[in-house]
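As a plain string of letters, each chain reads:
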Amino acid sequence: MQLSLRRLLHNRIELLLTFVVPIAFFSVFALIFGNGIGSGTTPKVKVVIIDEVQSPDSTAIVESLRNSAGLRLMNDDLQDEAFSVNDASDMVRHGSVTIAIVLKSGQGESIRSDLLADASDQVAGQVVSALVGRELVIAKTRQAARARRTLVRRPPTDEATAVPNQPVRQPPAVAAESLDPSELVQIVDVIGEDKANPVVSMYAAGIAVMFLLFGATGGGGVLLDERENTTLDRLLSTELTMDQLLLGKWFYLTALGFVQVCVMFVWGQYVFGIDLLGHLDGFVMMTLVTSSAAAAFGLFLATLCKTRGQLNGLSVILILTMSALGGSMVPRYVMSERMRELGLWTFNAWALDGYDKVFWRDLPADALLPQLAVLMIAAVGFLLVARALAIRWEFD
Amino acid sequence: MIHAESPALEIVNLRKNYRRIEALRGVDFELGRGECLAFLGPNGAGKTTLIRALAGRTRPTKGTIKVFGHPIDSIGARQALGLVPQDLALYGDLTTRENLMAFGKFHGVPRRELKKRIDWALQWTGLTDRAKDLVGGFSGGMKRRVNLACGVLHRPKIILLDEPTVGVDPQSRERIFTMLDQLNDEGASILLTTHHLDEAEQRSDRIVILDQGRVIADGTIDELVLSTVGHSRLVRVRVDRPLTAPVTVPGDGVQRRTVHVGEAGRDLIETRIDDVTVNLGPFLQAVQNDGYLVSDMEVQAPSLHHVFLHLTGNELRD
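Each protein sequence line maps, in turn, to chains P and S. Residues 782 to 1177, numbered by the numbering used here, are exactly what the first sequence covers, in order. Residues 2 to 319, numbered by the numbering used here, are exactly what the second sequence covers, in order.
If you're looking for bench data, these hints aren't it; they were derived computationally from the structure. Possibly wrong hints are sitting among the right ones.
Unchecked claim - Selected chain P positions facing chain S (Cβ under 10 angstroms, derived; list incomplete): (1) S808; (2) D832; (3) E1007; (4) D1014; (5) L1016; (6) L1017; (7) S1018; (8) M1110; (9) R1173; (10) F1176.
Just so you know, even glycine gets a beta-carbon here, dropped at the ideal spot from N, CA and C.
Using the sequences and the hints given, assemble the complete structure.
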């Protein structure tokens, strides 16, 4: 025990990492779920509203929802109020908004609502349903009050005179309907309703990206092993150059990562029913680019560190943090706006957004352009930095 | 490409500084074609720095290195060199054949020749029957042989060996030198660093001794002996009891002068004798005349060991 403790005390970096890793990891989760950076920035659900009723009551509902703290009305941002239900459905499908609220006429003067939702965000549907339901109930109560006042002001009829003790009758339409919000709001899943086990593909992507990163840093660490056992020195005394060495390792790690993710999704297809073959083009593009970015990241970390021990500590901190922020562990929709923005600095987030477009939203390959571009730029950037850092190994 | 007259390696005023430390302070020497040169020096003398500079792994601060008359960074120069590092720079989780294949490719051995070269290397190292075994499970001697083979698979004209036999048993050492002799006989020039002075003495054509970043001796073993300790033999005689006083060996008035040898209180007498046939008899007679009986005697010829210690001193170089 004394021996182990003394060895740990002599290795300052390992000592630091021993205590920093759990703190860093805990902090990330505390920020996601707690009251840290995310404090006061409860995630607002992006919605659009299509008011098919166009009555004073429906306008009042729209205004009330506009002022709701839990919603971000995108109608104003988009400056285009002429949405059709199909347009709104497309916006949900493309991920521009999370939910489209369609206000419709119910029985009589009542208003009901369809929520065109993206079921991948399971929280948003419930939040919006509650908020819209509340507004609909308020509107309905208002209508009922108006109807009651109308009845009271109406001149007495013979029938009423004949039965003086009979209570004032409710308007038939209002009286027949319930005030239960759940009956006024219907959630329509516009993306996942015709899919077999669609959520599994998202978890598969999340896990795959995290393991790509772990695999790539482990593979990149071979460079440090080779340096420590002087094999690197020997390799560089041959005709092999550092450029060739790094590129060779990058290609290898990319190919290995690609095969690793493919095997995982093939397993997912046969065991969990992921529709891999139906999304093959998008999957191949995303996996290739994500693997290449992860491989470059692994080499970057390896060239940044001096020893395998340092790499292990640093990679655990970074990968777990990136995975937590980027949505590999916890869906990003539960995070605050600020944490979501922070997550965009991780390539887990970009990769998962890409896989989301492929498997969940069924978007064509050209819709992947932003994700592919960011991941490719990351790959090239990391590779160039790794090359620059490796200069110190070329000569004494 | 290869200049007919130029030596295999020509090192002129080579200097290497690591910040304030001068690892090489102007090294000059040549390695002739087909020559086997032993490069000696105490720890920290600069041997490994020099080997690294020759292998292109460190940039000299000053000076030039020429390979067959061409600068070391010219095209083809590196191909003429084969480095066998002191550490076992191998992939333990690959088989012998896979290691050879990897280093053969990195050394630019053409694909069509690679299999032939690997077969040759396996036979040369005596590891044909272990071709498919992982190197990680080999003995130290076997690993050394694979280490050597990986460095010469491309048939370099100059082989740089940094302590090629460190940590191996005498049998493996003998085998390794037989392998090196074979390459040397085929025309390869060899530059060998070692701390095994007997190896250097027996296996090399010439010896260069480096100390504190400078070449302090360069020549054949005979030249070095003559220029340092001379050809006198060291004679050690153990007597039956401690001396009461130094023994007086009388001179003959012509070639020998009278000398006093040994120390009072010690039973071991050490002296140097230029000509054993002439001087050994009178010396032993003088011991006997003083009343002592010789119980043991040893005559040592001057060796590289004596030359080395003579030139570099007895102080530790840590």
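Cross-check of the supplied hints:
{"no.": "1", "hint": "S808", "in the structure": "violated, 38 angstroms"}
{"no.": "2", "hint": "D832", "in the structure": "violated, 68 angstroms"}
{"no.": "3", "hint": "E1007", "in the structure": "holds, 9 angstroms"}
{"no.": "4", "hint": "D1014", "in the structure": "holds, 6 angstroms"}
{"no.": "5", "hint": "L1016", "in the structure": "holds, 6 angstroms"}
{"no.": "6", "hint": "L1017", "in the structure": "holds, 7 angstroms"}
{"no.": "7", "hint": "S1018", "in the structure": "holds, 4 angstroms"}
{"no.": "8", "hint": "M1110", "in the structure": "violated, 33 angstroms"}
{"no.": "9", "hint": "R1173", "in the structure": "violated, 12 angstroms"}
{"no.": "10", "hint": "F1176", "in the structure": "holds, 5 angstroms"}
When the structure is compared with the earlier hints, violations turn up for hints 1, 2, 8 and 9 and for no others.
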